[in-house]
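Engineer: Spelled out from the first residue to the last, the chains are:
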Amino acid sequence: MTTEAKPRALNRLQSMYALRAEVDKMYEGGVEASEEGKPVAWVMLEGWSNAILNAMGVSTVFPENYSSLCAAQGVATPFLDRSEAEGYPTHLCGYARTCIGYSSRMVELDGEIPPEAPAGGMPKPVLLVASGEVCDARFKWFQSLGRFFDAPVWTIESPYPGLRERLMEGAHERNVNFLIKELKAFVAFLEKLLGKKMDWEALEYTGGGTNEINRWRWEINELRKAHPGPMNTRDFWSAVTAALFRGAADPDVITKGFERMYDEVKERVDKGIAGINRPERYRLSFEGLPPWHSLGFLEQLADRGWNFVIESAYRPPRPITIDLSKYSDPMERYVRRRYRRLEDSLREDYGPEEAEIILDEIRRDGTSPRMGLRHIKDYQVDGVILHVLLTCRSTSAGLNLLQHRLLDVLKVPSLVIEGDIIDVSAFNPAEALRNAEAFEETMDHYRKVRKELGMPW
Amino acid sequence: MSYYLGIDIGSSTSKGVITGDGDVIAQHLLLSGVNYRLAAQKLVDELLAKAGVTREDIACTVATGQGSANVELADQQIADIRCCARGIYSIYPSVRTVIDVQGQSTQVLRLNGEGQIANFVVSEKCASGSGRFLDIIANVLQIKLEEVGPLSLKSKNPVTFTTGCAVFGESEAVSRVAEGVAREDIVAGVHQALAEKISSLVGKVGMEERCAITGGGALNIGLISWVERKLGVELLVPPEPQFVTALGAAIMAEDTCKDG
Amino acid sequence: MAEPSKGLLRAQEIYQDRSRRALELQKQGKKVVGYLCIYPVLEMMTALDIVPYRIFGDMREPITKADSYIPAVNCPFLRSCLDLGLKEKYSFLDGIVTTHICDVGSSLSGIWNYTVRTPFSFHIDTPHTLHETSLEQERGLLEDYQKALEDLTGQKMTKERLQEAVRVHNEQRALVRELYELKKQDPPLISGVETIRVIKAIQSIPVDEGNKLLREVIDEVKERNDGPQKKSARLLVWGSILDDTALPEMIEGLDANVVMDDTCVGSRAYFGDVELTNDPLDGLSHHYLVDIKCPRTFRTRDYTDVRKDYMTDLAVRFSYLRDYVRDWKADGVIMESVRYCDTHGYDVPGVRDYLDSVGIPSIYLEHDYTEGALAPLRTRVQGFLEIIE
Amino acid sequence: MVRIYFAGIDLGSTMTKIVIINDDEQILAYVVHHTGAEHRHLANRVMEEGLAEASLSIDDISFVMATGYGRINVPFADRQITELSCHARGVASFFPNVRLAIDIGGQDAKGLKIRDGKLLDFVMSDKCAAGTGRFLEVIAAALGIEVEDLGGISLRSKQKVSVSSTCTVFAQQEVVNHLSAGVPLEDVVAGLHDAMASRTARMVQRLKVEPDVVFTGGVAKNAGVVKALEENLRCPVLVPEEPLLSGALGAALLGKEHVLKALARGETIQTGERRLDRATFFEKE
Ligand SMILES: Nc1ncnc2c1ncn2[C@@H]1O[C@H](COP(=O)(O)OP(=O)(O)O)[C@@H](O)[C@H]1O
Ligand SMILES: Nc1ncnc2c1ncn2[C@@H]1O[C@H](COP(=O)(O)OP(=O)(O)O)[C@@H](O)[C@H]1O
Ligand code: SF4
Ligand code: SF4
Ligand code: SF4
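Protein chains in written order, with the numbering used here: chain A, 1 to 457; chain B, 458 to 717; chain C, 718 to 1106; chain D, 1107 to 1391.
I should point out that these hints are in silico values taken from the structure, not numbers from a laboratory.
Cβ coordinates follow ideal geometry from the N, Cα and C atoms, glycine included.
You may find that some hints are simply not true.
Claimed, not checked - Listed below are the simulated SDA-like cross-link pairs for lysine to any residue, each with C-alpha atoms no more than 25 Å apart in a straight line: (1) A:K451 with B:S551; (2) C:K873 with A:D365; (3) D:K1314 with A:K451; (4) C:K782 with B:I600.
Unchecked claim - Negatives, chain B to chain D, calculated, CB over 10 Å: (5) T511; (6) G524; (7) L688; (8) Q699.
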């Protein structure tokens, strides 16, 4: 056996580093703003509040992201322990528990930022903006922060209807109106809190900037369909933070960063360079949130020739031009730009034919097994890793069902890996590797099955 | 003639198989004890002696099992799930589902027609669903391992264990004895709980006949019968179920060697 | 032990064989619709003569089938419900209504549709805040729900029918409260175990029959002399789902009576009436969103207030517990939750803070929804009783 | 002057303990036996031995308080009380300033918040053998060493390894893996103690760790765990001279208080029948 030093298995994108640096800047910006006496809000990752807050001159920081930062730097555990000491059950969301522990520590320090906090820390909030979008933890969690800060909490209520219910006559318009009113109530609240008026023009700017960034991200993802996959999910995760948790960062800078990333990925595609420095034996998708504490695990998988060419979380929306000319109300424009009719987005994503099949299934069964599988097909994925999180119900509850659907519809196998976003003790890398080895045979098997069925990959 | 060696260092027992020309030349088993390295060395030595060959005669060695890293001789380490699949396929090519009950964990495999793993699942992080639970109970009730299975089949009224913990199962069993509960009802209770866990695992990968059971658990006719009842199918039991994984490893060794 | 006489005995029979009546009625041509949690606005089912049938799990049945559809790190109650669904225990249902109780609850509706495939299903995306817009939204959702139920039955839900249904359901609420009044005595006239049986029974049969049963139970309990013994401690139980008598049985096997509860197979659904508004949907949406005090809803004093104070906030959210403790003369509170319930889990320190601030002792018990796992909690409960003694 | 006597019996999952005191709270006798599998029916025997040591007869005992896992099954007990209260009481009699007591026995681990000798709040481990005395017993047995020796062995360690498995059975495997890889025994045992201590420390955080912190129960006899606990809690930990006895002593003391209170109220004390017959061990469900 040769023992020459092999190059690292992952082939990182250079353009990612600049974007990652922007994230640190964003936190530093938050602390600076706070020191200058500007209002700082803690917010969730959801589509609505961030741009509104920024348009109102409020700096935003993202505890969810901050928790993953703590986990990635290996300093989350003391915060988790503190949350437990405060009496919060250990199965609660790892992001929430890290944040609760952080808040508790801040109280102990009379509101100062803990010296051990990475990236300069999160300054004390004047406002907490919770959200019912994505999961319930996200409003229960901010509610429970009342224990540490007397900052007011606003919960953005957004519709989360069942699929069939979304198709009912009138439901879409009702949801749109609901959102418009809800967000206007939020603006009114902010105006009261800050004693100043909303800058609607600024909203057009902050709210519109997202589209430009997302367009680049979309284009990058389109490139990732190439064989071999030019960009590993590890780089995606490192960079995505800059796009999602922009806070007060300058949208132009971020846009430039992704533009550069596009160029780099494009170059790789042209030259046939992969996101891993090994032959691409398997193309995979990662479903669920990443194990922020153990991203190095991907290196070991890459060494086996596993290339995670795509992932389920945080995929950018398809860029489309929506005719907003008939809407003059800035909030209505803001909402309609993003909240789409289910029929429309299905048609755009799946093409008219498949969309009709899906819609029929939804009308009949209330669900369609095909949804959420498009990327598996598009990226010609051999296998899927399902990351079942000990502490996140919302992203884990449906994963086993997805496992069935992947097999039923696409004949693509999946492997469950149990772990957590934050809590490193929930993850057993040795066992995961052992199972990964066996999973290769399973992927081989289904390659044959798909071939027999005449499927394209 | 070339010989191939498969070594399976399990949590409770270490197993080795030597093949040559596609036949099993020798097999050997000993307790893993508290030093896998020593166990592996001893196993290899005794196995070679049994087969009447020397280390130099072995063309390739594959190690598998929990302690596979401790087999110094190994050319390659391969996950036990894969070895198990290969082993059973060589014995029963028609098998599509395998239940592998080991000392510490249980895994269920689905195979395609070529002995490849089409799906698999491994039991969770708590040992409450493993053969170990049975060992503990047998030990505390002072019943030989070979006898727990047959004894459990006599039960009309299996007890339900309130603790899920394999370790605390011991004190619970003792308390049941003190209450006058028959020993067969206690062991039947453990078997029933195990069979339930196994059937839930089988549910996850989907059942396809024929179905075989391997590992040390397959030596337990009681367990087999409880699982058969739960699943409603008949289980194939290979003649030497504990050696299936080691045999698979030896076959893998042969393949590896031939592939170069 | 004395034979429980008429009403209680009937409740116990229904508790043990829940579906018998629903199946009978189904044979007579009625639709039986299952529902999860207390939010699916039962009045609207009753108005169309649908038999609402609450879906429960079974603590005594190991979960073997559901694990391949929902990972084990999720609410074991809901996993058990799905498990029973997969074992065809709910295959007689004509429909199922789910609401956005919690994340797993809403995921479950999709999973149920994919696996159990009950012919009719509807999901109400009940909002989580008390914002004015949320109230309007709930009302709008109920309009859709109305349409769906009308399609299912081919009947019109007239204002009159709905008002009548609201009236009978309010009657049920009043009767349950009357029953709970009887728990104020010392010893209480009806035990925690019996209470669960009665509540579970009325959640298995049509509302008018439930009312009849409640009347029988109340009459009987008022007269009884075989009721619970006097014990050293009177307890309030707060928490998540508790659809089995195992926990109160364990508690009442010790030196304590469960005299009041705030759980969702207990008082939670019945305290507070639906206002009979001109358009019944107004009263209903208000009741289900605002009046029901479940941690799933984000409740604040005044959501437009820019100031915030933790203790005031706690008082707004939990002072009803202090009132319960006072009126039912409870000596302590057991906070109980199934494992992996985020909704209740986040509230535990807050409830504790509040109870501490008003001098009420409390203890938190987490269990994984199996009967066996409750027994080991006995020492904790007993230790708690020794503390409050 | 007529003396009255009280007995406290702690029927633990692993050890059975009895303490006999007089009304001056002097310990007249104590007996400790293994509850071990062969001789589970121990209650009467320890009582007999205790009485013999104190030169008393069963009728001299005014009140017998039983505690511990098998407390329901002491036929001659007048009352049962949880080991939570008994440990708190017993520990407070040794260390009046105790604010946090940690008890690790064979079957579970507990944290007790104590103020002025009174139990205010507590936490208990879940039904899992990891983090209990049994955890150490199982692993010691697998390694072929005595539980009593674990402490001394671990104190020799210079560089403990980390043991991450949460399950006893899997931890045993992990230990074997470490040993096979050539890690010295003392480093592995120290790792086990640390795993146990950090688990316990996390569990008791909610009660606020403030001195005096007292560690009792059988595992407190293990100097390695004591040291690991001090490291994990970052504060000194006091251990009673005979940590096994806290529960039984607390039971006897609580028995005495119970009697005095009753007498003060002019009530007669209700005592059970004094039969020293075979006890069945565990609680019936
Ligand atoms: N003669 C027997 N009868 C019944 N069960 C047995 C017998 N021998 C071994 N077992 C069971 O097999 C298990 C060990 O299986 P094995 O496959 O050797 O495990 P591992 O590979 O983890 O060492 C033991 O835990 C025991 O329950
Ligand atoms: N001399 C000793 N040295 C170290 N550990 C001991 C010693 N004696 C007992 N133990 C530990 O104490 C545990 C029993 O503690 P104990 O408090 O008596 O528990 P229980 O009350 O449940 O019987 C045993 O599991 C063992 O690990
Ligand atoms: S989705 Fe999951 S990880 Fe994200 S906040 Fe909710 S519970 Fe936490
Ligand atoms: S409950 Fe028992 S078997 Fe399960 S993890 Fe804990 S020690 Fe292991
Ligand atoms: S117990 Fe909690 S997690 Fe389960 S259904 Fe109720 S609210 Fe949801």
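Engineer: Please go over all the hints and tell whether each is borne out by the structure.
Structural biologist: Status of the hints after comparison with the structure:
no. : hint                : result
1   : A:K451 with B:S551  : 22 Å, holds
2   : C:K873 with A:D365  : 24 Å, holds
3   : D:K1314 with A:K451 : 62 Å, violated
4   : C:K782 with B:I600  : 33 Å, violated
5   : T511                : 25 Å, holds
6   : G524                : 6 Å, violated
7   : L688                : 25 Å, holds
8   : Q699                : 18 Å, holds
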